[in-house]
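Enquirer: Single-letter residue listing:
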Amino acid sequence: DIQMTQSPSSLSASVGDRVTITCRASHNIINYLNWYQQKPGKAPKLLIYVASSLQSGVPSRFSGSGSETDFTLTISSLQPEDFATYYCQQSYMTPLTFGGGTKVEIK
Amino acid sequence: EVQLVESGGGLVQPGGSLRLSCVASGFIFSNYWMSWVRQAPGKGLEWVAHIKEDGSEKKYVDAVKGRFTISRDNGKNALYLEMNSLRAEDTAVYYCARDKAIVGVNTGSLFDPWGQGTLVSVSS
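Protein chains in written order, with the working numbering: chain A, 1 to 107; chain B, 108 to 231.
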C-alpha cells in the first residue's frame, strides 16, 4: 500500500498568512495527488486534483505543486473561511489512501 | 445540483449487519464510478470500496474484504454498502462519493462531491 504522510499535523496561522502543507508518498505516484478541505461536521470538499489543477469554484489563493513523492498545498493569503483540516489523497492505485490530515487553526 | 444522500446508519452490535444506501441526483449516475469513504470519530479519512459504472468491477480496502459488499442499481440512481460481521473498529461516519469525477482528465480515483454522511456505531 502507498503511505501518505502529511506535515505538519497542525498549525496556527493568522488571517493573511501564507500557509504551506506538505504531503509525502511512500512510492512514486507521478502526479496522482489530490487535496481536500474538511470543516467540522461537514463532508470533505475537493480543492486540487492531479497535484496542481484547481477544482471549479475553488478560490485561486489555493494552489498545489509537486510530483513523484513530494507535494505541497499552498494558501497564499489565509482567509477566515479557510480554517479547516486538509487531507491529501493518492489516486495512483488501490487501496486509495489519504494523509493523516493537517488542522489549520487560528493564531 | 449534484447531490448524494446517504441513509441506513445506526447502532448495531458486534457481529451484526447493516445496509447503507446512497441516492444520487443531478448527474447521470450510470456514467460514474462510485465510492464509499469512512471516518472514525476524531480520525482521518479511509477509503472503503469503489464500483465501476456498470457494476462489473469492485475493489475494497483489506480491512473490509470478505465482510462488506458494494453494489449499485443504476435504474434507481442508488449505491449500497452491505456490511456484515461488524466490528467496533468499523464505527465511523460513512460517506458516499462520486469517483473519477473529473471528466476528460486521467485523474485516477478522486472524490467529488461527497454526501453528508451516515453514522455507523458498532457497540454492545
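Warning: the hint list may mix true and false statements.
To be verified - Once the Cα atoms are required to be at most 30 angstroms apart in a straight line, the calculated DSSO-like pairs of lysine-lysine come out as:
#	chain 1	residue 1	chain 2	residue 2
1	A	LYS45	B	LYS183
2	B	LYS159	B	LYS183
3	A	LYS107	B	LYS159
4	A	LYS42	B	LYS150
5	B	LYS150	A	LYS39
6	A	LYS103	B	LYS183
7	B	LYS166	A	LYS42
8	A	LYS107	B	LYS172
9	B	LYS166	A	LYS45
10	A	LYS107	B	LYS183
11	B	LYS172	A	LYS42
12	B	LYS165	A	LYS45
13	A	LYS107	B	LYS165
14	A	LYS103	B	LYS150
15	B	LYS150	A	LYS45
16	A	LYS107	B	LYS166
17	A	LYS107	B	LYS150
It should be emphasised that the hints constitute simulated quantities derived from the structure, not laboratory data.
Enquirer: Each of the hints needs a verdict: does it hold here or not?
Expert: Status of the hints after comparison with the structure:
1. A/LYS45 - B/LYS183: Holds - the C-alpha atoms of B/LYS183 and A/LYS45 are around 25 angstroms apart, at most 30 angstroms.
2. B/LYS159 - B/LYS183: Holds. B/LYS159 to B/LYS183 sits at ~16 angstroms (cutoff 30 angstroms).
3. A/LYS107 - B/LYS159: violated, 44 angstroms
4. A/LYS42 - B/LYS150: Distance ~14 angstroms between A/LYS42 and B/LYS150 Cα, so the pair holds.
5. B/LYS150 - A/LYS39: Cα-Cα ~13 angstroms, so holds.
6. A/LYS103 - B/LYS183: Between A/LYS103 and B/LYS183 the Cα gap is close to 38 angstroms, so the pair fails against 30 angstroms, i.e. violated.
7. B/LYS166 - A/LYS42: The hint holds at about 26 angstroms.
8. A/LYS107 - B/LYS172: Given that 30 angstroms is the threshold and the Cα spacing comes to 43 angstroms, the pair is violated.
9. B/LYS166 - A/LYS45: Status holds; Cα separation ~23 angstroms.
10. A/LYS107 - B/LYS183: Status violated; Cα separation ~48 angstroms.
11. B/LYS172 - A/LYS42: Judged against 30 angstroms, a Cα distance of about 27 angstroms means the pair holds.
12. B/LYS165 - A/LYS45: At roughly 24 angstroms apart (the allowed maximum being 30 angstroms), A/LYS45 and B/LYS165 satisfy the hint.
13. A/LYS107 - B/LYS165: violated, 44 angstroms
14. A/LYS103 - B/LYS150: Roughly 12 angstroms separates the two Cα atoms, so the pair holds.
15. B/LYS150 - A/LYS45: holds, 17 angstroms
16. A/LYS107 - B/LYS166: Since the Cα atoms of A/LYS107 and B/LYS166 sit roughly 42 angstroms apart, the hinted pair is violated (cutoff 30 angstroms).
17. A/LYS107 - B/LYS150: With a Cα-Cα distance of about 23 angstroms, the restraint between A/LYS107 and B/LYS150 holds, given a limit of 30 angstroms.
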